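Now for the letters of each chain:
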Amino acid sequence: MKLLRAFAICVCMALPVFAFAADPGAPANVQVMDDADEPRGTVLIVTWEEPAEAERPADLQLVGYQILISESGEPFEVASNVYLDEGTEAQIGDLKPWPWPPYFVTLAAVYAPPGLGFHYLVDEDGVVTDTRAVVVHSDPVGPVRPQGHWFNVEYTPILLLALLLCAIIIFTIYSVRGRAEDVYIRPIAGLEAVNDAIGRATEMGQPIVYVSGLSGIGSISTIASMLILGHLTRRSAAYETEILVPCNDPLGMTTEREIVSQAYTEAGKPDAYRPENIFFVTESQFGYVAAVDGIMLREEPAACFYMGYFFAEALILAETGNETGAIQIAGTDADTQLPFFITACDYTLMGEELYAASAYLSRQPLLVAQLRGQDIAKTILAALIVAGAAAATYAAVSTGVLAEAAQRFVEWFAV
Amino acid sequence: MPEVLPATEIFGVSVEIIGVWLAAFLTLAIFSFLYQDNPVYKLAEHIFVGISAGYGVVITWHEAVIPLLINPLFRPEQAGLEAPNYVVLVPGVLGLLMFSRFVPRYDWLSRWPIAFVMGLYSGLTIPSSVQGFLLPQLHATLLPIWPGVEINAWTAVSNFLLVTGVVCTLAYFYFSREHRGALGAVSTVGIFFLMVAFGAGFGNTVMARVSLLIGRVQFLYHDWWFPHVLEPLMQLLGG
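Just so you know, the sequences run in chain order C and Z. Counted from 1, the first sequence has number 70 at position 70 by this note's numbering; the numbering is strictly sequential. Counted from 1, the second sequence has number 231 at position 231 by this note's numbering; the numbering is strictly sequential.
Hints should not be assumed to be uniformly reliable.
Claimed, not checked - With beta-carbon atoms standing in for the labels, derived distance ranges:
no., chain 1, residue 1, chain 2, residue 2, range
1, C, Gly268, Z, Trp108, 19 to 25 Å
2, C, Ser261, Z, Ser158, 49 to 55 Å
3, C, Gly115, Z, Thr60, 47 to 53 Å
4, Z, Ala140, C, Glu404, 19 to 25 Å
5, Z, Pro67, C, Glu276, 31 to 37 Å
6, Z, Tyr221, C, Thr129, 36 to 42 Å
7, C, Asp271, Z, Phe99, 25 to 31 Å
8, Z, Tyr221, C, Gly93, 45 to 51 Å
9, C, Phe171, Z, Leu26, 53 to 59 Å
10, Z, Gly54, C, Gln262, 27 to 33 Å
Unchecked claim - Computed from the model, here is a short list of chain Z residues facing chain C with C-beta under 10 Å:
no., residue
11, Val49
12, Asn204
13, Arg209
Honestly, the hints are just simulated from the structure, not real lab data. On a predicted model such as this, the values are computed, not experimentally measured, just so you know. Think of the CB as a built atom: it goes at the ideal place given N, C-alpha and C, for glycine as much as any other residue.
For reference, chain C alone in the conformation it holds in the complex (with noise of 0.2 Å):
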């Protein structure tokens, strides 16, 4: 029975095989192999000899090649056309990643009458549809497996760097446990004014409007946001202030309702929450922006932050609440809305601060090791870009040995 199904097998994995058999006027010698450089396995390359010009059809010119690829078992279909001005080699790209499957390649020589393009002879799927064209097709090649690698040696880097950063996490998590009030965070102004800001909107008994950015949750930046908003909210619930939390990101915005529920729930006051304070409105982005503009306008905030990832909307949203005169403090790592953000705000928490202000706020040990761990890393790399500018510095001035050994160290880090 097994030497059956073998059998069967071996007949099905012939059957293309079979399907094309070289004529005179086929490419010769065709070759197909792996494409090496390519790590994933999903390139293969065909290289192939011009067909003999005694074998050539007569009347008719060479205008291209067309191959034709099948996983084994499957009818041939085109993989692509080359024209003759291309050479004699070609890859098949986007081909299955693991496992690999086997596959056969045939290379057809395609002639047409003179004057008659390459183009004009295939449909809009690249076959060769047009009656005057002759398709002489090659001996199937095959079965070729192209052979992916679970390793990309051009990543190392990338890899080592992404350890060593990981690594020194954890060593400053293992590190600070126990003593993370005594890690010195040095004073952030706009994290100083948060309780400002809370205190102005409780004597008032205007609330607070929170906005957290618009690059959805799967954003680092909205996840420091909802950090910074859970902490923003446990204060601010303590004396029952009013948060307003108009989200762009449904997912965004159940999870902003969680953390508010749990922050109102620490402070004591359960009571006092309010789920429809944190609503959707759209996700569009300037519809979002004329809806947020609209309620602080209509509920004059007496505190707005903006925190996370912003685009073109930050000026609007920080000009429109410095109209309502409310006390803002902004915070994003969105370099090109950070200036908007300084002239309109009264505090803004640049870049990385953004990140640093929920471990400046809650004190948290595993967000200080955090932050103690990312200045330790931050010192690294500062000591590399000093070394290899001075490398890079050595190979442009020197030859030699060593000063190739610069150059290599500074060629390592591209990828």
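Dock chain Z against chain C, hints included.
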């Protein structure tokens, strides 16, 4: 089922003309916000928010739910498959769990898809940030800072400023040490570099915004005011 063609006229007026008038009205309504909040702005705002939210639902249905969930499960031939792909049930069920928010007793189930999305993105961000930002920026900073065979004096000065700026700015974002002494001096230089960069960014973006405003004003004048207001008025007055 007969094909339904879009209307070209409404009450004898071309749809295009109605569109231009609507666009002009909504543009002016939004601009009226520059004066102060008013009912016309509120109308435009509510139209904008309502239409964009509704449009978002339709897009999600047609671009995500149908091609990524319904077709692979129930109409595999339309998804280019020979048999139903039951793997899509996993994201499908995760998505459906979000509806548990409507049942307070089981609303905790909605945390699963949120946890999945946040975990997935956090995991993806680490290697992609190292590959896409950290290493390319690091490599782009490793530059010769002294004139050599292929480096002229100006390039060397430019490279020196770049390397110094990056190191000093990094020092500014050092949080676990007091910014005093050498660290304080270096981070102060970093702040200068940041402010210069922000100034350049500000100017650049303001220019882009002004060009957007010009585009809008051109629309108002060329597409609406001149052909639909001024010209008919002139014809009416026999000009």
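These are the hints, each one checked on the structure:
1. Look at C/Gly268 against Z/Trp108: about 22 Å separates their beta carbons, and that is inside 19 to 25 Å.
2. Distance hint check for C/Ser261 and Z/Ser158: the Cβ-Cβ separation is about 53 Å, which falls inside the suggested range of 49 to 55 Å.
3. At roughly 51 Å, the beta carbons of C/Gly115 and Z/Thr60 sit within the given window of 47 to 53 Å.
4. The hinted window of 19 to 25 Å between Z/Ala140 and C/Glu404 holds, with their beta carbons roughly 21 Å apart.
5. Hint check: Z/Pro67 to C/Glu276, Cβ distance near 34 Å, so the stated range 31 to 37 Å holds.
6. The given range of 36 to 42 Å is broken by Z/Tyr221 and C/Thr129, whose C-beta atoms sit roughly 51 Å from each other.
7. As the Cβ distance of C/Asp271 to Z/Phe99 is approximately 27 Å, the hint placing it in 25 to 31 Å holds.
8. For Z/Tyr221 and C/Gly93, the hinted distance range of 45 to 51 Å is satisfied, since their beta carbons lie about 49 Å from each other.
9. With their beta carbons about 57 Å apart, C/Phe171 and Z/Leu26 fall inside the hinted range of 53 to 59 Å.
10. In this structure the hint that Z/Gly54 and C/Gln262 lie 27 to 33 Å apart at CB holds, the actual value being about 32 Å.
11. Here the hint on Z/Val49 is kept, as its CB sits about 5 Å from the closest CB of chain C, short of 10 Å.
12. Because the closest C-beta pair between Z/Asn204 and chain C is about 8 Å apart, less than 10 Å, the hint holds.
13. For the restraint placing Z/Arg209 at the interface with chain C, the shortest Cβ-Cβ distance is roughly 8 Å, inside the 10 Å limit, so the hint holds.
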